[in-house]
Every structure is written in C-alpha cells, then in structure tokens.
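Note that the protein sequences, when read in sequence, are chains A and B. Those letters in the first sequence? Residues 1 to 371, by the working numbering. Those letters in the second sequence? Residues 1 to 498, by the working numbering.
No wet-lab data here; the hints were simulated from the structure. Since the structure is predicted, the reported quantities are computational estimates derived from the model, not experimental observations. In this text, a Cβ means the ideal position worked out from N, Cα and C, and glycines have one as well. It is possible that part of the hints are untrue.
Listed below are the simulated DSS-like cross-link pairs for lysine-lysine, each with C-alpha atoms no more than 27 angstroms apart in a straight line [said to hold, decoys possible]:
1) LYS182/B with LYS456/B
2) LYS456/B with LYS38/A
3) LYS25/B with LYS182/B
4) LYS38/A with LYS49/A
5) LYS330/B with LYS307/B
6) LYS170/B with LYS151/A
7) LYS107/B with LYS182/B
8) LYS288/A with LYS182/B
9) LYS41/B with LYS17/B
10) LYS107/B with LYS25/B
11) LYS25/B with LYS41/B
12) LYS151/A with LYS456/B
Which residues of chain B face chain A? A partial, calculated answer using Cβ under 7 angstroms [what the hints assert, rightly or not]:
13) GLU38
14) ASN118
15) ASN162
16) GLY164
17) ASP204
18) ALA207
19) GLU231
20) THR232
21) ALA233
22) GLY389
23) GLU421
24) THR425
25) THR427
Below are the chains, spelled out letter by letter.
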Amino acid sequence: MVICPIPNSTDFNVKLLPHEQDLSEFLREQVQTAFANKTPLAIQGSGSKSFYGHPVRGEPLSVSRHRGIIRYEPTELVITARCGTRLSDLEDMLAEHNQMLAFEPPYFGADATLGGAVATGLSGPRRPYAGSARDVVLGVRLLNGRGESLKFGGEVIKNVAGFDVSRLMVGALGTLGLLLDISMKVLPRPDHESTLLFSMSRDAALTQMNRWTNQNWPLSAASYDDENLRIRLSGAATALARVHQQLGGELLANTEAANFWSDLREQRLAFFQGETPLWRLSMAPAAKTPNVSGSWLMDWGGALRWLKTEQACDSIFREAEALNAHACLFRSTFGSEFQPLPPALAILHRNIKLAFDPAGIFNPGRLYADW
Amino acid sequence: MSYQEHAAEIVVHAIEKPTFVRQLKQFLSADNILSEPEDMKPYECDGLSAYRTLPWLVTLPETIAEAQAILRLCHRQGVPVVARGAGTGLSGGALPAANGVLLSLAKFTRILSIDPANRRACVQPGVRNLAVSEAAAVFGLYYAPDPSSQIACTIGGNVAENSGGVHCLKYGLTLQNVLALKLLTIDGEILTLGTEGLDNPGYDLLALVTGSEGLLGVIVEVTLKLLPIPETAATLLAVFADIEKAGAAVAAIIGSGLIPAGLEMMDGLAIRAAEAFIAAGYPDDAEALILCEMDGLTVQVQADLAKAENIFHAYGALEVRQALNDNERKKFWAGRKAAFPAVGRISPDYYCMDGTIPRRRLAEVLKEITRLSREFGLSVANVFHAGDGNLHPLILYDANKPGELELAESFGGQILRLCIEVGGTITGEHGIGMEKINQMCLQFSTAELRQFLAIKAVFDPQGLLNPGKALPSLRRCAEFGALHVHHGHLPYPELDRF
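Build out the structure end to end from the sequences listed, making use of the hints.
Now the structure itself:
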C-alpha cells in the first residue's frame with residue numbers, strides 16, 4: 001500500500017523574509033528601560049484601530065516591524081506569528097492552504113496587524129457561528145510590565161495548564177502586556193458560501209434569524225439593516241441548494257454578497273458614514289430593540305447592534321445595563337468610551353493590571369481613564 | 001500513590017474545630033456540617049482515588065448566602081477552602097486540605113432557566129453535565145461539551161477544570177461554551193462575570209476563571225451556551241495496520257478541510273480491551289482504529305462522509321465501515337467511551353495520563369512511549385482525541401505489587417516530560433490538580449509562575465482557596481528542579497530511578 005503525502009502540509013520553514021524581523025530582544029530592552037524609569041508607553045501597530053479606546057499619554061513604542069509568520073502547519077489547524085504581522089499577509093498565507101481566521105477580524109486599515117486584532121479583540125460577522133478572537137487564541141509570548149518575556153498557552157488546541165493568560169490579553173488593549181507572538185486556531189474555508197436576502201420588518205427579522213439558527217441551518221452570518229435581512233450560509237453545494245429551496249429569499253450574486261459582508265465588517269456601508277456617534281451594543285440575540293432613539297443595524301444574528309444616536313452617553317449605558325447588555329461608544333468626534341464596570345469589578349481590574357504592569361507603563365488610560 | 005504536599009503550600013491556622021463548628025452553626029444547619037471521620041470518608045478523594053486525605057470539615061451549603069457566609073468565616077479565620085462538585089476530576093483537584101473546609105456544591109442542583117430563543121441555560125454549579133442536555137432537548141437544543149464522566153460530573157467542576165470531551169475540535173471546550181458566571185470571592189463577595197451578550201466589557205475574566213481549578217473563587221451560577229441538535233450524526237470506523245498510518249490519515253482528514261464532530265483513535269491494546277468489555281464491533285486483531293463522526297444537515301453529512309471515506313482508503317485503511325443505524329453508531333462510541341473501565345478489567349489498576357502534543361509528532365511520541373513501556377516493564381494502552389492532539393496513555397500496573405505504583409507514576413512523569421519536549425502540554429483536559437503540580441515546574445519558567453502567583457494574589461492574597469493545587473510554590477519548583485534538571489548529578493545516587 002502506497003501512503004500518499006498529507007495534503008496541505010507546509011513543513012513550514014522558519015525563515016525571515018526581507019521585511020520581517022524578530023525584535024523580541026529590542027522590545028524587551030525598551031520595556032525594561034521604561035519599567036526602570038517608569039516611562040509610560042503607547043504601544044503602536046499600524047494605528048488602524050487607534051480610534052478605539054481613549055488616547056494614550058505615553059512614549060510611542062512601535063511593534064509593527066516585529067513581523068513574520070513563525071510556524072504554520074495546516075493539518076494541525078494552528079498558526080503562530082509575530083504581533084506586527086500584517087493581517088493581510090497572514091490571511092493570504094492561510095488562503096493558500098484553503099484556511100482562514102474564522103473570527104473575520106476587522107482591519108479598519110490596509111496595514112492592520114495581528115497584534116492589534118488580538119489587543120482589540122474585535123470579531124466580524126462569522127463570530128456567533130465560528131467563534132471569536134478570544135475563542136481561537138491558543139497561546140502568546142508577551143512582555144509583562146517588568147520586561148520579562150513570558151509564554152502562556154501553546155500551539156495545541158487543548159491545553160489547561162496554568163491560568164488562561166493568553167485569552168486574558170484579548171481585548172485588553174495592550175494594558176496588561178506587550179504581545180510578541182500569538183498562536184491561533186484556524187479553520188478550513190467553507191467549500192461554498194451563498195447569501196440570501198429577505199425584506200422584512202425589524203421584529204420579524206429578529207425572530208427569523210434566531211429561529212433559523214435554532215433550526216440548525218448552516219448560517220455563517222446574519223445581518224439586518226432596517227430593511228433587508230441578509231443571511232450567509234456555508235457548506236457543501238448540495239447543502240446550500242437545499243437551504244435555499246427551503247428558506248426562499250433572493251440569492252445574491254457572489255461578488256455582491258462578498259462585498260456586503262466585508263463592507264459590513266469594515267464599516268464601509270452607508271450606515272456607518274457621517275458624524276453621528278456610533279455605538280456598539282452587545283446583547284442577547286433575540287432581545288427587543290433597546291429604548292434609544294437613533295438608527296440601528298444588526299449583526300451577529302442580533303447579538304450585536306450598531307446604533308447611531310446623539311443621545312447622552314449615560315442614558316445609553318444605563319439602558320444597556322438594565323438589559324444585562326453592554327454598550328461602547330465605538331467612534332465619535334470625541335473619542336470612544338466603554339461601559340463602566342461595577343465597583344467590585346473595577347477594583348479587580350485595577351489589581352489585575354498591577355499584577356502584570358506594576359509601574360503602570362503599558363497604554364495608560366487606553367481602556368479606563370484612571371489607569 | 002505518593003503525592004507530596006509542600007511545606008510552602010500549607011496554610012496554617014490555629015482555630016479549634018469545635019469553635020469553628022460553633023461559628024458555622026450560627027448560619028448553617030447542623031445537618032449540613034460533617035465533622036466525623038466516617039461521615040467525611042466519601043470526600044477523602046476525587047476521581048484520582050489513589051490520592052486520599054480526610055478533610056477537617058465538610059460543609060454542604062444550600063444557598064448562595066450560606067456559601068458566602070462560609071467563605072467569610074474561613075477568610076476571617078484563615079482556614080483553607082476546597083470546593084467540590086461531583087468529585088469525578090482525574091487530577092486530584094478536589095483532594096481535601098487536611099486542615100481545611102471542603103465546600104461541597106452538591107446541593108446546588110437546580111436548572112434555573114432555559115432560554116430557547118437565545119439558546120442559553122442558567123444552572124447552579126451542582127447540575128450534572130448530561131442533565132443540561134436532557135432538559136434542553138425539548139427545545140431541540142443541547143450542551144456540547146461532553147466529558148466521558150458526563151453522567152456524573154457537574155457544571156461547576158466542568159468550568160473549574162475547563163473540561164473537554166470528544167466533541168472539542170468542532171464545538172470547543174467548556175471555555176467556548178460558557179456565557180456568564182457568578183463567582184464568590186474568598187471574602188464572600190459575589191461577582192457577576194459576563195452579560196447576555198457574546199462578549200463583555202473589560203478584561204476577559206470569564207476566560208481567566210474557566211479552568212482556574214478553584215484557585216480564584218467559588219462558582220455558584222453558570223450560564224451556558226446551547227446549540228441546536230444536529231439533524232444527522234453519522235460515524236465511520238476505519239481500521240489500520242498500525243498507528244502511524246492511522247495518524248497520517250487523521251492529518252489528511254484535517255488537511256482536506258473537514259472538521260469532524262469527533263475524531264478518536266485507539267491502539268491495539270485499547271481496542272481489544274474495549275471489544276472484550278462491551279462488544280462494540282471492533283475488529284480485535286486491529287492495531288489502530290479511528291472513529292470519525294460527522295454531524296449537521298443530512299446532505300452536508302453525506303458529502304463529508306464520502307470525502308472522509310475516500311481519504312481513509314487512500315491512506316491505507318484495511319476496512320472502513322459506516323454505522324448502519326443509530327444503535328450501531330452508539331455501540332461504536334460506547335467502545336471508545338468505555339475504554340478506561342475496559343482497560344480496568346484487564347489490569348488490577350491503571351493510571352490515566354492526559355498530555356497534548358502537536359499531532360505531527362504522534363508517531364515519535366508513541367514510539368518513545370513504547371520504549372518507556374519496555375524500560376519500566378509496564379504495559380500502556382493509548383486512546384487519543386486525535387483531532388485535537390490530546391493523548392490519554394493508560395499505564396497498567398498492580399498496586400498490590402510493592403513499588404509498582406511508584407513505577408507507574410515515574411513512567412507517567414516521563415510521558416509528561418516528553419509531551420513538553422515535543423511542544424505540547426502536560427494536561428489537555430484533566431487539569432493540574434495535585435497530580436501534575438511538579439510538572440508545572442517543567443512547563444513554566446520561574447517568571448511565568450511568578451506571574452500566575454501574582455494573579456492568584458489579586459483574588460486570594462492569603463492563598464486560602466485550594467492551596468497546594470494547580471500552581472506550585474517557587475520553593476517546590478526549586479527543589480523539584482534540583483532533583484530532575486541536573487541529570488547525572490542527582491541527589492541520593494544510590495536510589496534506583498529507572
């Protein structure tokens with residue numbers, strides 16, 4: 001019996017391309033010096049997501065040249081890369097092997113980096129069906145606030161040794177550590193995708209999205225723009241044909257569909273334009289629309305609601321809290337703002353910050369203004 | 001078995017038991033306090049039954065308020081607390097502290113709500129894993145993580161250990177299936193982590209607490225994600241002449257773009273033990289077997305099965321069989337799920353390991369385990385969550401033969417070391433507990449352990465929660481390192497160390 005080669009295996013060679021380098025040592029020295037001098041640092045990738053969170057008062061420390069894919073073995077579903085690696089380079093490499101970052105990270109800029117995607121923890125339309133940024137982070141190497149190089153998690157999917165520090169970094173906006181290398185679980189790209197469009201009311205759309213999810217149709221995105229419900233389906237051609245037959249709706253052309261989902265992820269749709277403050281509300285997918293005046297756009301099958309409103313911040317945070325949801329002023333001319341934490345949790349956050357960064361040098365103020 | 005407490009990890013307190021019991025009785029009914037050895041006997045160990053210690057006291061609170069009061073009292077008096085669910089854990093994580101309170105969550109057994117529209121269930125920590133799926137079934141929903149102990153193990157313990165199961169590759173571990181938690185801190189405060197949304201403001205404390213093995217707080221309520229029950233599930237059984245060919249086939253399945261709901265491998269010894277135990281229909285002369293389950297829409301499953309079957313044939317399967325009906329499918333799985341007790345029948349005792357390795361290193365790892373098996377003179381059966389690289393070697397031994405138990409333990413230690421060396425980890429899903437606390441010193445550097453200890457101190461500065469588990473003191477590691485790292489310069493060179 002002849003054993004075939006394993007399809008899709010890279011036998012990835014660790015080699016640095018001309019634009020790639022390992023700046024671990026340099027960055028470690030920078031952080032150690034900053035720790036010794038108590039110099040606040042503003043960690044910077046490409047700056048594509050600098051609007052998110054508060055402005056940082058600190059010396060800029062660029063990590064965007066700490067760049068390159070370190071290991072990639074498609075048959076293990078794991079990729080490891082330096083934080084400054086461009087998301088586009090990473091996704092190109094994965095696409096070559098018919099794989100993807102299933103959480104569909106938003107770029108918000110051509111040079112968006114892996115480190116920024118993890119530090120902001122934002123996920124795109126596929127998130128409710130294929131997992132979030134934090135779900136797929138398997139391990140990190142980071143510098144803590146003392147400039148110690150530490151490794152947590154690993155390059156295997158199942159690992160329960162030690163506290164899950166890797167995932168604690170996701171969404172921490174660089175306030176706990178400087179991410180050097182990140183290992184992530186990747187998934188195969190679906191064989192086929194199709195998008196169906198239905199015109200209906202907002203309430204009908206909410207009910208419909210959740211009913212279809214419960215009925216186990218192979219959804220990979222669901223969004224409603226106050227006129228049309230669009231659902232994306234992923235799987236074998238035979239499966240998608242059956243779903244279309246069963247659910248009806250207008251089948252969008254492939255290019256139109258692909259553009260819609262990437263425009264939604266990148267906030268290029270008309271809804272996102274203009275000066276009105278943009279809010280992000282994360283809530284129960286089937287929950288009714290909150291009592292805030294403004295215009296709405298739903299993603300994540302209803303679990304993510306974008307809101308454009310001039311209403312005061314406090315009232316929106318209060319409304320979100322009453323719904324057991326949480327809100328974030330995502331983009332506005334006066335910056336962004338996160339849902340305030342209850343006092344006990346706020347203290348805990350502060351102490352966790354100190355446990356990683358005792359001198360308070362990493363991105364002070366970016367997440368919460370006081371520290 | 002020979003677990004070693006370390007002096008640096010023992011929390012000392014001076015309060016007398018009768019005094020403490022009197023204080024407990026001010027808010028806890030006498031029925032819910034056990035202090036006699038014969039009453040406490042059932043709590044002396046968890047699923048790792050070779051490790052045993054009688055607790056100082058057992059408390060069985062019935063309400064969150066009672067649990068808070070117990071924690072406040074322990075906090076005030078400096079008494080250690082070990083939380084316990086069903087006690088099915090396999091790493092000694094619920095092993096009592098000899099001078100501490102064992103806090104059983106066994107009376108927190110209510111399913112508080114099931115919200116089918118939002119696909120979530122809110123449950124108390126003492127609810128059994130399988131009970132969640134049973135209760136959700138009327139809505140066409142289920143809870144995906146399915147550790148082998150799911151009939152008995154409880155959700156609180158699942159969260160504390162970040163439990164896995166055979167469906168992890170496609171559906172994630174407990175971590176990916178928990179939406180919110182209520183956690184009691186050591187000073188009795190209640191924290192709510194998570195909202196009704198899919199993400200949360202601030203740091204991801206849900207991730208930090210999941211799998212923290214009772215070191216950060218006591219879980220008193222859990223909101224779980226439910227999934228729709230798949231329209232179809234179908235299972236292929238593929239037989240291979242050796243484990244290396246089977247390993248290549250697994251890599252090919254994943255490389256081809258399939259994500260099976262379950263992808264399990266067993267070696268010859270495990271196959272024969274399982275077949276002799278429950279007649280699952282495995283060919284008992286096979287040296288390697290793969291179970292590959294696909295689920296989802298029927299048309300999708302058909303497409304996936306055809307693709308998988310072709311791959312198995314192309315990679316030299318001697319036989320590929322699809323379960324003809326649900327009964328046969330369940331039988332295929334019953335053999336795999338009963339692999340541990342099946343091995344228990346052919347050997348007086350077995351010791352179950354739980355390393356994870358990058359799958360491409362499987363062949364060399366198994367070869368080395370075989371070599372070690374000869375060296376130690378103990379047989380090993382291997383079952384393997386092949387999809388995610390989680391290996392369970394079962395070391396066969398006889399506790400009645402003097403020294404064999406210690407031999408099994410050092411064999412196990414060698415396997416864990418091997419897992420680290422090939423880029424894997426010492427525990428995929430069973431946790432560190434008491435069992436692998438020494439190996440934590442191998443997997444993590446002093447600076448990394450110090451970072452863990454700093455996190456621990458944020459939640460529990462006195463170190464009262466589950467002391468001596470999961471997270472070694474630096475002194476333990478210094479001593480363990482001195483014993484193990486400098487080969488050729490071991491202390492006590494006259495001792496036989498194999």
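Should the interface hint for GLU421/B be scored as holding, given a Cβ-Cβ cut-off of 7 angstroms against chain A? 13 angstroms, violated
Can the hint on GLU231/B be confirmed by a CB-to-CB distance to chain A that is less than 7 angstroms? 6 angstroms, holds
Does ASN162/B pass the interface hint, meaning its C-beta sits closer than 7 angstroms to a C-beta of chain A? 5 angstroms, holds
Is LYS170/B within 27 angstroms of LYS151/A, Cα to Cα? Judged against 27 angstroms, a Cα distance of about 26 angstroms means the pair holds.
Tell me if the straight-line CA distance from LYS182/B to LYS456/B falls inside 27 angstroms. Distance ~18 angstroms between LYS182/B and LYS456/B Cα, so the pair holds.
Hint validity - GLY389/B Cβ closer than 7 angstroms to any chain A Cβ: 5 angstroms, holds
If you draw a straight line from the CA of LYS25/B to the CA of LYS182/B, is it 27 angstroms or shorter? 25 angstroms, holds
Within a Cα-Cα threshold of 27 angstroms, do LYS456/B and LYS38/A meet the stated pairing? 25 angstroms, holds
Take the C-alpha atoms of LYS288/A and LYS182/B, compute the straight-line distance between them, and say whether it is at most 27 angstroms. Since the Cα atoms of LYS288/A and LYS182/B sit roughly 25 angstroms apart, the hinted pair holds (cutoff 27 angstroms).
Regarding the hint that GLU38/B lies at the interface with chain A, is the smallest CB-CB distance below 7 angstroms? Status violated, d = 35 angstroms.
Answer holds if the nearest beta-carbon of chain A is closer than 7 angstroms to that of ASP204/B; otherwise answer violated. Check passed: Cβ of ASP204/B comes within 5 angstroms of chain A, closer than 7 angstroms.
For the restraint on THR425/B, tell me whether the closest CB of chain A is nearer than 7 angstroms. At about 4 angstroms, which falls below the 7 angstroms cut-off, the nearest Cβ of chain A leaves the hint on THR425/B intact, so it holds.
When the structure is compared with the earlier hints, violations turn up for hints 13, 20, 21 and 23 and for no others.
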